[in-house]
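**Q** Chains as they are written, first to last, in the working numbering: chain Z, 1 to 446; chain S, 1 to 247.
The reader is advised that the hints may include incorrect statements.
[Said to hold, decoys possible] Facing chain Z, a subset of chain S residues (Cβ under 8 angstroms, in silico):
| # | residue |
| --- | --- |
| 1 | N155 |
| 2 | G197 |
| 3 | A235 |
[Stated by the list, open to error] When the alpha-carbon atoms are kept at most 27 angstroms apart in a straight line, the in silico DSSO-like pairs for lysine-lysine are as follows:
| # | chain 1 | residue 1 | chain 2 | residue 2 |
| --- | --- | --- | --- | --- |
| 4 | Z | K399 | S | K205 |
| 5 | Z | K39 | S | K131 |
| 6 | Z | K153 | S | K106 |
| 7 | S | K2 | Z | K155 |
| 8 | S | K129 | Z | K39 |
| 9 | S | K129 | Z | K153 |
| 10 | Z | K235 | Z | K209 |
| 11 | Z | K201 | S | K47 |
| 12 | Z | K155 | S | K106 |
| 13 | S | K31 | Z | K399 |
| 14 | Z | K391 | S | K2 |
| 15 | Z | K232 | S | K47 |
| 16 | Z | K155 | S | K129 |
| 17 | Z | K153 | S | K131 |
| 18 | Z | K444 | Z | K315 |
| 19 | Z | K391 | S | K205 |
| 20 | Z | K235 | S | K47 |
Keep in mind the hints are simulated off the structure, nothing from the lab.
Built from N, CA and C at the ideal position, the CB exists for glycine as well.
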Amino acid sequence: MRLYNFLTLQFGKLIVKALQLLHKGAGNLPGLILLGINKNILGYFKVDCPIIAVTGTNGKTSVTNFVNRLFEQSGKNVITNKQGNNLDTGIVSLFLKLCSPTGKIHADCLVLEIDESHVPVIFKKLKLETLIVLNFFRDQLDRNGEVETLILKVKSFLETFQGNVILNADDPNVARLGLANPDNKNVKYFSVEKYKYATDKIHEVGEGKFCPVCGEPLEYEYYQYSHIGLFKCPKCGFGDNEIYLKVENVDLEKRRFTVDGREYDINNPSIYYVYNMAAVCAAAKLYNIDDDILRDTLERFEVNNGRMEKFSIGKSNAVINLAKNPVGANMTIRVMNESDHEKELMFVLNDNLADGYDVSWIWDINFEVFKDVTRVITSGRRAYDIAIRIKTSGYDASKIEVCPDLDEAVENLFSTEGEKFIIANYTSVQPTRTAVINYIDKNKEE
Amino acid sequence: MKTIRILHMYSDMLDLYGDNGNIEVLSYRAKARGIETAVEHHSVGTKDTDFSSYDLIYLGGGADFEQQLLAEDLQSCRDEIMKAFNNGTFFLLICGGYQLMGEYYKDSNGEVIDGLGMFPYHTEASLNKNKRCIGNIIIEAELNGEMSKIIGFENHGGQTSQTDKPFGRVVYGNGNRFGSEDEGYFDKNIIATYLHGPLLSKNPKLADHIIRYCAERDGNSVEMTPLDDTLEEKAREVLFRRLDARR
Numbered sequence: 001m002r003l004y005n006f007l008t009l010q011f012g013k014l015i016v017k018a019l020q021l022l023h024k025g026a027g028n029l030p031g032l033i034l035l036g037i038n039k040n041i042l043g044y045f046k047v048d049c050p051i052i053a054v055t056g057t058n059g060k061t062s063v064t065n066f067v068n069r070l071f072e073q074s075g076k077n078v079i080t081n082k083q084g085n086n087l088d089t090g091i092v093s094l095f096l097k098l099c100s101p102t103g104k105i106h107a108d109c110l111v112l113e114i115d116e117s118h119v120p121v122i123f124k125k126l127k128l129e130t131l132i133v134l135n136f137f138r139d140q141l142d143r144n145g146e147v148e149t150l151i152l153k154v155k156s157f158l159e160t161f162q163g164n165v166i167l168n169a170d171d172p173n174v175a176r177l178g179l180a181n182p183d184n185k186n187v188k189y190f191s192v193e194k195y196k197y198a199t200d201k202i203h204e205v206g207e208g209k210f211c212p213v214c215g216e217p218l219e220y221e222y223y224q225y226s227h228i229g230l231f232k233c234p235k236c237g238f239g240d241n242e243i244y245l246k247v248e249n250v251d252l253e254k255r256r257f258t259v260d261g262r263e264y265d266i267n268n269p270s271i272y273y274v275y276n277m278a279a280v281c282a283a284a285k286l287y288n289i290d291d292d293i294l295r296d297t298l299e300r301f302e303v304n305n306g307r308m309e310k311f312s313i314g315k316s317n318a319v320i321n322l323a324k325n326p327v328g329a330n331m332t333i334r335v336m337n338e339s340d341h342e343k344e345l346m347f348v349l350n351d352n353l354a355d356g357y358d359v360s361w362i363w364d365i366n367f368e369v370f371k372d373v374t375r376v377i378t379s380g381r382r383a384y385d386i387a388i389r390i391k392t393s394g395y396d397a398s399k400i401e402v403c404p405d406l407d408e409a410v411e412n413l414f415s416t417e418g419e420k421f422i423i424a425n426y427t428s429v430q431p432t433r434t435a436v437i438n439y440i441d442k443n444k445e446e
Numbered sequence: 001m002k003t004i005r006i007l008h009m010y011s012d013m014l015d016l017y018g019d020n021g022n023i024e025v026l027s028y029r030a031k032a033r034g035i036e037t038a039v040e041h042h043s044v045g046t047k048d049t050d051f052s053s054y055d056l057i058y059l060g061g062g063a064d065f066e067q068q069l070l071a072e073d074l075q076s077c078r079d080e081i082m083k084a085f086n087n088g089t090f091f092l093l094i095c096g097g098y099q100l101m102g103e104y105y106k107d108s109n110g111e112v113i114d115g116l117g118m119f120p121y122h123t124e125a126s127l128n129k130n131k132r133c134i135g136n137i138i139i140e141a142e143l144n145g146e147m148s149k150i151i152g153f154e155n156h157g158g159q160t161s162q163t164d165k166p167f168g169r170v171v172y173g174n175g176n177r178f179g180s181e182d183e184g185y186f187d188k189n190i191i192a193t194y195l196h197g198p199l200l201s202k203n204p205k206l207a208d209h210i211i212r213y214c215a216e217r218d219g220n221s222v223e224m225t226p227l228d229d230t231l232e233e234k235a236r237e238v239l240f241r242r243l244d245a246r247r
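Given only the sequences and the hints, what does the whole structure look like? Please build it.
**A** Dropping the structure here:
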C-alpha cells in the first residue's frame, strides 16, 4: 500500500509538471485524477505544521486571505489556497505542487479554505488544529441539498474533534455546532455588537427561525442582516454563549470598530464584511498575532478578485461584488442603498454547474428596496430570468436592458457616466472582471 | 375594484427555492389588470383562520425539518381546509405543499408525516439523501382546453405515486418520480406540482389562468388585457433551445 501511495504521488507530480509545461494552471485537475485512482492519497501527505481551516457559506475566500496575511506578515511560511479551490481535489492539487517527492509539506502553517461539505472528508485524513465557521445560508440548493444537510456534515466531524473551533455566535446555524462535542473545551465564539442598520424584523430571507435543539421559534432582539443577530431560545436557552471576541462600536461611515477597547480601521463599509473581520480578529487573538500586524491588515489589505473590488474609468466608478446566493446579493444592495447618489446596476447571472443550475434564489433578493437606481443592465446565461425578477419587484421595466453578451453589457454600462454597481454570481464574476478590465484598457488608449 | 384574497400558508417555513416569488408574480400580473390582491398568512399557532373566505390558498416547498414542525398544525385545520376546497377556493401547492395534501409523506429520515388526505396520492423519499430528482423540467399541461408548455426547476427526494389526475406530461426532466411520464396533480381548482423556478415566473399563461379563476369565482367576468411578456417569452425561448439541444 505504501508503495502504491508513493507511486501515485510521483504520477501526480508528473501531471502537475506536464500541465505547467503546457502553461495550464493546475486547478483541480491533478487532484481529480489522483483521487480517482487512489482515494486515500490525501492521508499520504506528511503535514507536521498546524492547519487552520475556514468554512461557511459566504466569506471563506476573504477570511482565508486575511488570515493568511496575518501569518505571512508575522514572518511565517504559509501555504494557502487563495483562489478558493476548496474541495478535496483542489487540496490534493495544491499539495502535489508543493510537496517533496516523499509527500512532505514544508511550511510553518497551512491556512485553507474548505467547502462545507468537504470538511469531514478532508480532515479525516489530515490533522486539523483550528476550524473557523462563518455562517450558513441557503446556497446552490440543487448542488448542496438543503442547508441542514451541510450543517449536519460539519457537525458530524466536530462530534469527535478536540481542536479549536471558532464560531459565529450570531448565526444560530453556526452556534449550534458548539454543542456537537460537549467534551471539547476549545470552542470559542465571536460576535458583533448591534450596528446602526440592524432591524427588529428579519429583512432578508434567512434560515435560523427555529431552535436547533428543541424546535421552539427563536426570539431575536435584533437582526444585523439575514438571520444573523442576537437570538435566544425562550424555552431551552440556546444562544446564550460566552463571547471570546466581540467587535463593538461598529461605524460603517467612518469604517471602524473596536475590539477589547482598541480601535481598528477597516476598508469596506458593510456589516457583512465586519463579520468576516470579526472572524479574522478571533484568529489573530487565538494565535497571538502582533497587534500592529492585525491593525495594518484590517486597514490596508484588500482581497479584490471580485469581492467589493473597485474600478474607475473617466468620471465613472464601479464596484464588482460576487454574490452566489441571496444573502450576498442583498448585501450589495444594502451598500448601494447606503449611497445617496444615483447609480446603475449590472447583474450578471450564470447557471453553470458550479453556480447550481437552479436560479430561483434570485427571488429571495430584495429588489423592492432599490433607491435611486436609474438603470439596470442584465447579462449572463440567465440574463432574462434576472430581468423578470427585477421587473416583478416593481422596478420600471422600461429601465431594464438585457444584454446576454458580457462585453456588450459592459460597453452599455459605461456608455453613461456615474456610479455603477455590478453583481456577478460564481462563474460569472471572473469573466465580468475581465470584461471590465478589457474595456478600461481599450478606452484608455484612445 | 375586484380583490383576490390569498392565504399564504406557512410562508415562514415553506419558502425554499424562491417559492414566495409566485405570490409576487400573481400580485404583479393582477395589478396590471386593475385587480388587487390581499395576501394574508397562516402559520403554526395562527388561530381562527377562515379558510373558506379566500380565493386562493398557497403553499410552497420546504425542508424535511420544517415539514415536521408544521404537520400537526396543518392537521388541526383539516376540516376547514377541506371545506374551502369544496367551496371552490383555488389551491396552488408547490413541492412540500403538494406532498402534505396527499395521504402521507415518508421523509428522507424514514419518518412518516400524515398528509391531509385530501387527494389519493402519497409520497416516499429515499433514505439516501443524495437520491433526488434535480434539474430543469418541462411539462405539457392543458389549460382551458389549450396545450401549454410549463417550465420549471425540480428538486425533490420524494417520489409521488397514485396521482390519478396529473398536472402535465413530462417533456423533459423527471416529474412525480424518477423518469416518470406524469407530473403533479390537477383538478378544476387545484394545481399541485414539483415545479419551482418560481413556477409562475416563467409561465405567464399559467399565472393568468389562476388569476382569471380567482377573479371570476364570484360570477363576474374580468378582462385579462394582454401584458408585455417579452422578457418571459425570451427566457422561455432560451431554455427551450438549450434543453431541446440536449435531448
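**Q** Determine for every hint whether it applies to the structure shown.
**A** So, going through the hints one by one against the coordinates:
no., hint, in the structure
1, N155, "holds, 5 angstroms"
2, G197, "holds, 6 angstroms"
3, A235, "holds, 4 angstroms"
4, Z:K399 / S:K205, "holds, 24 angstroms"
5, Z:K39 / S:K131, "holds, 22 angstroms"
6, Z:K153 / S:K106, "holds, 22 angstroms"
7, S:K2 / Z:K155, "violated, 52 angstroms"
8, S:K129 / Z:K39, "holds, 22 angstroms"
9, S:K129 / Z:K153, "holds, 12 angstroms"
10, Z:K235 / Z:K209, "holds, 14 angstroms"
11, Z:K201 / S:K47, "holds, 22 angstroms"
12, Z:K155 / S:K106, "holds, 24 angstroms"
13, S:K31 / Z:K399, "holds, 20 angstroms"
14, Z:K391 / S:K2, "holds, 23 angstroms"
15, Z:K232 / S:K47, "holds, 25 angstroms"
16, Z:K155 / S:K129, "holds, 17 angstroms"
17, Z:K153 / S:K131, "holds, 17 angstroms"
18, Z:K444 / Z:K315, "holds, 13 angstroms"
19, Z:K391 / S:K205, "holds, 17 angstroms"
20, Z:K235 / S:K47, "holds, 22 angstroms"
Checked against the numbered hints given earlier, the structure breaks only hint 7 and satisfies all the rest.
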